[in-house]
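J.: From first to last, the protein sequence lines stand for chains A and B. Residues 1 to 370 (the numbering used here) are what the first sequence spells out, left to right. Residues 1 to 434 (the numbering used here) are what the second sequence spells out, left to right.
These are computed hints drawn from the structure, not numbers from a lab. Just so you know, not all the hints are guaranteed correct.
Restraint ranges, calculated between C-beta atoms of paired labels, are given here [what the hints assert, rightly or not]:
| id | chain 1 | residue 1 | chain 2 | residue 2 | range |
| --- | --- | --- | --- | --- | --- |
| 1 | A | Met140 | B | Ser429 | 55 to 61 Å |
| 2 | B | Asn66 | A | Asp177 | 44 to 50 Å |
| 3 | B | Pro124 | A | Asp177 | 50 to 56 Å |
| 4 | A | Thr55 | B | Leu81 | 32 to 38 Å |
| 5 | B | Glu345 | A | Thr55 | 17 to 23 Å |
| 6 | B | Ile77 | A | Leu168 | 25 to 31 Å |
| 7 | B | Asn286 | A | Ile161 | 29 to 35 Å |
| 8 | A | Thr55 | B | Asn286 | 51 to 57 Å |
| 9 | A | Gly72 | B | Ser54 | 40 to 46 Å |
| 10 | B | Gly195 | A | Gly194 | 22 to 28 Å |
| 11 | A | Ala231 | B | Pro80 | 57 to 63 Å |
| 12 | B | Gln89 | A | Gly91 | 21 to 27 Å |
| 13 | A | Ala196 | B | Ala67 | 40 to 46 Å |
| 14 | B | Gln89 | A | Leu51 | 34 to 40 Å |
The beta carbon of each residue, even a glycine, is placed where N, CA and C say it ideally should be.
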Amino acid sequence: MTPPTAATAPKTSQPPELPPTDPRGHTADSPAPRGATPAPRRQDGKAAAFLLSPTLIVLALVIFYPLLSAVGQSLYSSDAGLDDQGFVVQGDVFVGLQNYAQIFAGPESARFYNALWNTTFFTVVSVALETVIGVMFALMMNRAFKGRAFLRAAVLVPWAIPTAVSGLLWRWMFQTDGIVNTLSGAQVLWTAEGMAAQVAVITAEVWKTAPFIGLLVLAGLQIIPEEVYEAAKLDGATAWQQFWSITLPLVKPALLVAVLFRLLDALRMFDLPFVLIGPRKESVETLSILAWDSANQLEYGMASAFAVVLVVYVAAIVYVFVRLLGADIFTSSDAATPRKRFRRAAADDAVVPPARQPGARTTTHEVKQP
Amino acid sequence: MKQRRSNRPFAVTAIVSIGALALTGCSSAASSESGDPQSFEGRGPITYVSSPDSSGAAQETIDAWNAEHPDEQVEWIELPLDADQQRQQMVQNAQLESDTYTVLNLDVVWTSEFAANRWIAPLPEDELPVAEMIPATVEAGTYADQLFAAPYYTDGALLYGRSDLLDAAGVQMPQTWDEMQAACDAVLALPEAEGMSCYAGQFDKNEGLTVNFSEAVTSAGGTLFTEDGQPSVDTPEALTALNFLVDGFESGMIPEKAITFQEEQGRQAFQSGDLVFLRNWPYIYNPLSAEDGSSEVAGKFEVAPIPGLESTGVSTLGGRNLAVSTFAENKATALDFIDFFVSREQEGQRLELSSRAPVYGEYFEDDDVVSSLPYLPTLLGSIESAQPRPKTVQYGQTTAAIQDAVYAAITGEQSPEDALAELQVLLTSQTASQ
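Bound conformation, chain B alone (with noise of 0.2 Å):
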């Protein structure tokens, strides 16, 4: 009876630890056997899977295609917004081996995963305009010297800076971190300007965080990854990039507070006229443009390309690429409809209902273009230099482990210098093993 008595607890607890197991119940028994990876063969219905789009102008190019190829219909399965859930899914799909998914939108740092599992099939570069694409994002689509994924949109960072401070103070827009130290010096000296404080990035644990270490690295001369794939942040450089962000907490030349700064929040402070430098995606221009009231610095700003150690910064490179899963069928027929959707037609149509910035670099110089998004010049050159964030086969490992080191030298819990010989130990293990 005791026996039977203690069991009862056990299993009431299964009942709510099912939670917990049903984030692990799937299996990973995937093998990478997909036969002959250059064949496209097959033409039917298809499908194409990617996040939400509010903007409606992926489902525009769906409809354009699915009116001119009756047999070939393209039905667009939606995931969540969230893109770690979007991974997970497309993840699942892959080792389930099934074909519901063919088309598949990836964010650039997936590229590898997919491309070194075998989950996405290399693409026939000849058959695609990629040439007349801006390399950077060709090249954020290749992995093993082969084309995985085409490129779809792409992005670049960019630093807004309160232009109507910087003119009262008689400076410009910085080019270098000394600059923009200075330029902060003259305008927080400014009357108008109490109370703010001079620069923020993303800065909070998380994705955000890579981006603008990496940025921080190769922006003082130096990379995350060598060329051949080895770990190299124990360097000069990446101590110089860590120590520009460490220090800039210290001085406070970054505020306290941007150490909890996602996307959002950095947008919202400049937006509020808190900051007199913000380092952001593009996709805030239009908000901080509103003229309806909600944006306080609405015609008081600019942009310019990310300061540098010793010129213009280099971004890391955002964006989305269209690949083929492995295991999908009717191969040729999701080829033509990338060929389609990555078209220079289609990128121009679509421009005009989403503010993307397209892959072509014309599109970025086209006058018409250039009046409705006033940034794109300068993010064109954002983007030609940019670099691809590590192009590592466990992206997941390799940036928890950047961002572990990096948090803990910026909130003062590890030297700079101690964060990167451990962040250096831990990706060359990383990098061993895989």
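Chain A with its partners taken away, still in its complex shape (with noise of 0.2 Å):
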């Protein structure tokens, strides 16, 4: 690259460095100018776009470049042949959408539809279970008592324990002559195929996920002051409903960002059948190893083409869930709904005051004060 000359550098790099500051403009966009402060706010957001840009630059190198480039590898075909001797005469071909073609429709399908009924199936499964037992474990853990420290922290174990790990650990207590069929006393197969493998599936990754849900409800849970319980005993609402009028929603926002965190997780689930039950396994294959299916057999087409379906599933289950239960997390402020914005408005208003309080009361103090 040869350096900009002198003239040119200005030019070029000056416009978008240095817009036109239009306080006006600035004020239509903001909601309810308060004060001073407003003005030097687009520098903060200036600087922190730059402060950021590292962190940009990052991301897009690692997960939008891999993103497009699988979505480009998807649309090729390793086109493999031997020659007479025996050699393999090789080369990538643009075959278009023809890898989509196959798993929609072409000879991989029923793997496919297989693959992703088995991997909505344990999400909806293991994730329905983890959000019960997380939440009760949250409301126990929540609960004064003796011993709650230790409490907490066992729960804690499961999820700290790597996934294969744990997915060995399950496979050595689901085999014949494991400690599951021993306590149980019946015989079940339980890494062979079929019902018995998914219910092991299931039950070691609701063993390893509801702590997650668990402890993220806790949080939840903590901040809810005593004062609303105390109000409703005195009107007699039982247990019940106080779980369901007070606690359920005031929990609402944790319990919805620890249920999105464990779908999104759910959706991708490898370790767990691959190294409980084992490759290949029609009972428990799931999209995710599908595609590395695909890829340890070197058709890296297919392969991302698994991968991409993936994204956009993925991508669809979490857009229609945020959708219906409106968890408030992709939200940022300015991206916010007139009814949210005016929410917020108003915990704004809420909040201002006191914050300015102090400083009018040291004014009034200081006034006094000689």
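Two independent chains are provided; combine them into the complex using the hints.
T.: Written out as structure tokens, the structure reads:
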């Protein structure tokens, strides 16, 4: 690159860096200008953008590039043939959407729909169980009792163990002469195919991740003021009514975030069925395992197509989840809907006066002082 | 605004889906230009790429080489223990045409894939001591009539049997499937054999199943692929073999739980006295004879070649070979190093540290060696008649198809006839597309 001349350099670099300051345009943007603070905010934004730019570059490198590269790769197929001596003549051939056609309607489709069903089934069942058990954990841990600290630490253990390791642990317990069969007295072939294998995977998954939901919900529970419950008790609310009308609504934001995270995680489930039951077992094969399997067979085009389909599927599920339940994680201040903005403004009003009051008080105090 | 809102989940899901993408992020635009494959030129430092070796035997060989060759040092690159991951790293190295890896330690079943893709260079047969090695092991390193990999160590199947119970019932180690059934009938009638099952191998859906099925087919007089590489699994011999397994599960000769057995689960079952007979590799001989109380069967078992339909069965060949990466530098050094590594002297010295079977027949009959590893003479018989697993370029697809079909049959999902007919069609289309 030739260095820009002194004449051209400012021309190209200046306009985006020094946009004309327009206080009026800015005030129109901000929902409720208060006091003298709004003017420097725009420059704050620039500083923030500057400080964030390394992060954005890293994100672009590690997320958008691989994502685009996978999409590109999914349009190719390795066209391996053998010459007469038996050596591979290879080249990547552009096949357009043929890989996707194979996934949805070709010979791969039966395996794909089975994996799609397994992925969805595992996600729905395990996340539902985790949520119920996790909330129960949180309610227990939120009570004051002897040994609570120990229980909290103990609950964390499953979450701290790497999934592949817990897969091995459970495989060991679920093998034919393992502890599960010994305790139950039955001879169930957990690590073979079928319903038993699915139960094994879901058990291990719920064991591992219910604590995660439990801890997030616990954090939500701890900010509910005790007075609310006291008032409810005075009104004669039963424990169930207290849970249903106070705890659940107030803990909902934390719970939804926890469930959303688990949803994202469970849809990508790979290591647990892979280690616990094994690859290419029909009853536990997930979309991630399909992608791995194709990559392992050196069919990178097909593997990328599976991965892209998985990304789209995860995105769609999450979008629906966010839309239906209104988990408020993706909305930032400027993308809020009018109703939310109103709520936010109200919240600001509620917050700001106390924030200013100390200042006001000090001034009055200072005035009083002399 | 709505637009923007709906974009956010996509960005976030992109973050969390990175794991799936990472699996596929590598490009496969490898061309196979390797120049003259016969030229072994260049001297200097090289690398030896293999799985970890806990016995320390391979390290001794490398140290011995390094002491003698100060200008041609060998550096050991250790790959993960898992064979699939080893293969994946070697394949990636080849697809990037990187010169990082020089000498590759390959599982015998990878030879065809690596050779056909020209990821490994054909070796000059006359410069290596292959003429003195067990022919089956050399055959396993050969592709398209060229030697691509030098045998390092070898492996074959053995039938482990409970000698104490066989003696009590007055029967011998069996040579055929019928004899095995008869021996089991006699043994299981004994009061001390209560709760035991007859026979197990490796029947979980993984490579072990391909090995066991392949052995059953060759032991019944068939082959999975014909001489010219066409699949031949829809044959009476293959059906007899598959029925041996399917009927075994149905009649209870093979216990129901053996459907979950890989090598280790089978060893545990035999070691805790649940089985009369077990098909496994030689490596379990040491843990089974452990005198520290961990083995219930120490001193109570013996080994024999695996049984077959009409006489002794035919084992599938296991083991490891050494090959030279096409993209490596200093190939002359690499060839000398392989020659040194697989030489008779080094194989003999390593034998003291590791119980891996050497590729020279003479060690199997050496009295000193046999006194410490008493299964060797039996193993030699097993290896000399052993058949390599299917030599196909895309071995991963082949073994997957075989596992699918056999597993469906032994779990009762499909009749053996249908499973084999479908497998034949699938393998034929795979072969045609290659």
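J.: A:Gly72 and B:Ser54, beta-carbon distance inside 40 to 46 Å?
T.: 43 Å, holds
J.: Can you let me know if the beta-carbon spacing of B:Pro124 and A:Asp177 is within 50 to 56 Å?
T.: 52 Å, holds
J.: Just to be sure I understand the hint, the distance between the Cβ atoms of A:Thr55 and B:Leu81 should be within 32 to 38 Å; is that true here?
T.: Given range 32 to 38 Å: holds, Cβ gap about 37 Å.
J.: Falls inside 29 to 35 Å, the C-beta gap from B:Asn286 to A:Ile161?
T.: 31 Å, holds
J.: Taking 55 to 61 Å as the hint, is the beta-carbon distance of A:Met140 and B:Ser429 inside that range?
T.: 57 Å, holds
J.: Are B:Ile77 and A:Leu168 spaced within 25 to 31 Å by their CB atoms?
T.: For A:Leu168 against B:Ile77, whose Cβ atoms are near 26 Å apart, the range 25 to 31 Å holds.
J.: Regarding B:Gly195 and A:Gly194, is the given constraint of 22 to 28 Å on their beta-carbon distance met?
T.: 26 Å, holds
J.: For B:Gln89 and A:Gly91, compare the CB-CB distance with the range 21 to 27 Å and indicate the outcome.
T.: Holds, since B:Gln89 and A:Gly91 (Cβ atoms, about 23 Å apart) stay within the stated range.
J.: Has the hinted range 17 to 23 Å been met by the Cβ atoms of B:Glu345 and A:Thr55?
T.: 59 Å, violated
J.: Holds or violated: the 40 to 46 Å window for the beta-carbon distance between A:Ala196 and B:Ala67?
T.: 56 Å, violated
J.: Cβ-Cβ distance between B:Gln89 and A:Leu51: within 34 to 40 Å?
T.: 38 Å Cβ-Cβ, so the 34 to 40 Å window holds.
J.: Cβ-Cβ distance between A:Ala231 and B:Pro80: within 57 to 63 Å?
T.: Since A:Ala231 and B:Pro80 have Cβ atoms about 60 Å apart, the given range 57 to 63 Å holds.
This entry does not satisfy hints 5, 13, going by the numbered hints stated previously.
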